[in-house]
Amino acid sequence: MEQTCASCGRSVRFQYNGSWAVGCGGCAALILRDGFPTGYKHMPLVEDLSPLKVGMVGAYKGKEFKVVGRTRAVTHDGYRNFWSLKGDLDLPWLVQSYGQYALLKPYPGVISKRELRNAKPGTSNRIDPGATYQVEYADKDPVFATEGELVAALPVPYAFEIEMGRDPLDKVLVLIKPDGDAVCLHGVMVEYAELNFREPLQLAQWT
Amino acid sequence: MDLKNALPVPVRSKCSICNETIEIRTFGLCRSVACAKCSAVFKYDAVSHYLTHQRTLSGSIKVPYLQPGDEGTLFDRRYLVTGWVVKKETSTSFHWTEYHLFNPVHGFAQLSLFDGHWTFHEAMRVYPRPANINDIVLFERNAYEVFNTYQCRVIDAAGEFTEDPKDQEYAKVREFIAPPYMLTRELRDNELTWFHGRYVEPGMVKAAFAKNTAPPVRTGVGACQPMRMVIPAHVLKTLSVWILALFVLTQFILAISWSPKELLKGDLAMEPSVPNEPIVSNSFHLDGWRNGIELFLRANGVDNSWFEMDGMVVNDATGASRKFTFNLEYYHGYEGGEHWREGGVDDAIVFSNLPAGDYHLEMYPTSDPKRRIAYANIRVEERPRLWSNFFFLLLLAMAFPLIIWWRHSSFETARWGE
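As given, the protein sequences belong to chains A and B, one line each in that order. Count along the first sequence from 1, then add 1462; that gives the number in my numbering. Count along the second sequence from 1, then add 2; that gives the number in my numbering.
Just so you know, the hints here were simulated from the structure itself, not pulled from any lab data. What you are looking at is a predicted structure, and each value in this text was computed from that prediction instead of being measured. There could be a bad hint or two in this list.
To be verified - Calculated pairs, DSS-like style, for lysine-lysine (alpha carbon to alpha carbon, straight line, at most 30 Å):
1. A:Lys-1602 with B:Lys-39
2. B:Lys-174 with A:Lys-1575
3. B:Lys-168 with A:Lys-1582
4. A:Lys-1639 with B:Lys-45
5. B:Lys-174 with A:Lys-1602
6. B:Lys-90 with B:Lys-168
7. B:Lys-45 with A:Lys-1602
8. A:Lys-1582 with B:Lys-45
9. B:Lys-45 with A:Lys-1515
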């Protein structure tokens, strides 16, 4: 399937059936199957020295996956790479930021908006149905850059993000849309070495 | 990009204030750069590589040991030095340097330097748990005590940063220590981060970054500096208990397995046959090179009276003598509905270091005029149980743990006094 980038007019192609979006190879804009998302700011993709690359193949706990795309969300205070995974793993996102890695998937529970309103770093937050997480990070107004293909949906553009953690390695990422709806990704923190990429030699001196 | 051998060639730009070359090695991760020459801080645009001047720091400290661009391997990880900041505690004059280290796989780490003491800090994935006592936190089987709580401001910087160095001024920092480790809780408006730190010997930093010059000289004791040749408290405690137990057991075994050899025993008349002449005992023989004896006196006739005996242990051959004095007093009665007693009718004196030979006793008794003592029992035993020796040796053995404890205590006093 082909689409035209509404930003730069370049033609983009979906490789995988059912994938949610694709990044424009020209301007790094995110293009949904049915067009361009509204209220969305994008920027060119810049080198961020990430050890992950589109096309890399890895395995987590014996389940193989392929990195097929990413959206890089950049805010005033930081960045976050949402790497889209395709394969046997039921965790569609590998979220990477400053040497931290988490495998995440949509959280099926209900998120209390009242709880989120008071969430700020250093406080505890209860996520329905009852798990208590420590709020670690909060940021707003990201700008996005996308490459490759995104298999699962991401609430782009989102206006706020709240990162929470809980022992031992639970991680929750709440992405709040401008209209107030929140989408929650939930999963586990992992080490880069646990992802067993097939091209580790590329990083031989840095791992 | 191939990270196999080196990071990509840095982006080069010029400081608009002093025209110094500024290199940016972290590309899209970089938000701010500070000129190493004039301390001007710029906002960096990773797309256009444009630098926008923000402010100029006071730039008072210009003696960094590591420079942006240096590479080294610490704790088996290769790092690139991307910059350094000098921070000052807002409420004191303490200031220190934080070197920012970057590894593309593991992210950023910091190497802090204070008074010549280095600490390596990494962001934690798992946070410590509060112990609910005295603000102690627990992490990986260690209990960390609160060491310091402060806010600080940046007074100098050079290199590239993932944020504006000034933003760090709003952090509320709390440090916990369990040497050689340290945990640092840093809370800002939008972020809570815990860092796990460990003490690094200065020589290790020098070797890691292949520096030719010596690192700054250490003064005082570092916040998480471990004591050299330290014996852990639990080992010291166990060692002390074992030493004590060994000595007590040895003494106990000796006490039950050894029976004293009686050299002399008898009831002697306490009235000299010739006035003013001593009462002289039979001789007894000592075999050893250096001998110990214990002299016992028992005078059952002492009853609400006293009895004194001056005397000497005299070598038959040489006439060499060792003096002794017994003072026996025994009083008892019934007063106010209660029985009372004071003193006793027997006593013992130990002599040590007596050379081999034949000895006898010469005694000059004096009785209470109200109650004359006619006979007293004298007994001499060889190799008595010398409890004084036991306690002396025990003290000597315990000196080691005591010295270690004192050394540890002095070290900790210096650490917390900083």
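| Within 30 Å, alpha carbon to alpha carbon, are Lys-45 of chain B and Lys-1602 of chain A? | holds, 19 Å
| task | Below or equal to 30 Å on CA atoms is what counts here, so check Lys-174 of chain B against Lys-1575 of chain A. | result | Holds - the C-alpha atoms of Lys-1575 of chain A and Lys-174 of chain B are around 28 Å apart, at most 30 Å.
| Are Lys-174 of chain B and Lys-1602 of chain A close enough, with their CA atoms no more than 30 Å apart? | Holds. Lys-174 of chain B to Lys-1602 of chain A sits at ~21 Å (cutoff 30 Å).
| Hinted pair Lys-1639 of chain A and Lys-45 of chain B, Cα distance within 30 Å | holds, 28 Å
| task | For the pair supplied as a hint, Lys-90 of chain B and Lys-168 of chain B, confirm whether the alpha-carbon distance does not exceed 30 Å. | result | Distance ~12 Å between Lys-90 of chain B and Lys-168 of chain B Cα, so the pair holds.
| said: For a C-alpha distance cap of 30 Å, please report whether Lys-168 of chain B and Lys-1582 of chain A respect it. | reply: Roughly 21 Å separates the two Cα atoms, so the pair holds.
| task | Below or equal to 30 Å on CA atoms is what counts here, so check Lys-1582 of chain A against Lys-45 of chain B. | result | Holds, at about 26 Å.
| request: Quickly compare the C-alpha distance for Lys-45 of chain B and Lys-1515 of chain A to 30 Å and report which way the hint goes. | output: holds, 28 Å
| Is the straight-line distance between the alpha-carbon of Lys-1602 of chain A and that of Lys-39 of chain B 30 Å or less? | violated, 34 Å
Going down the numbered hints, you'll see the structure goes against just number 1.
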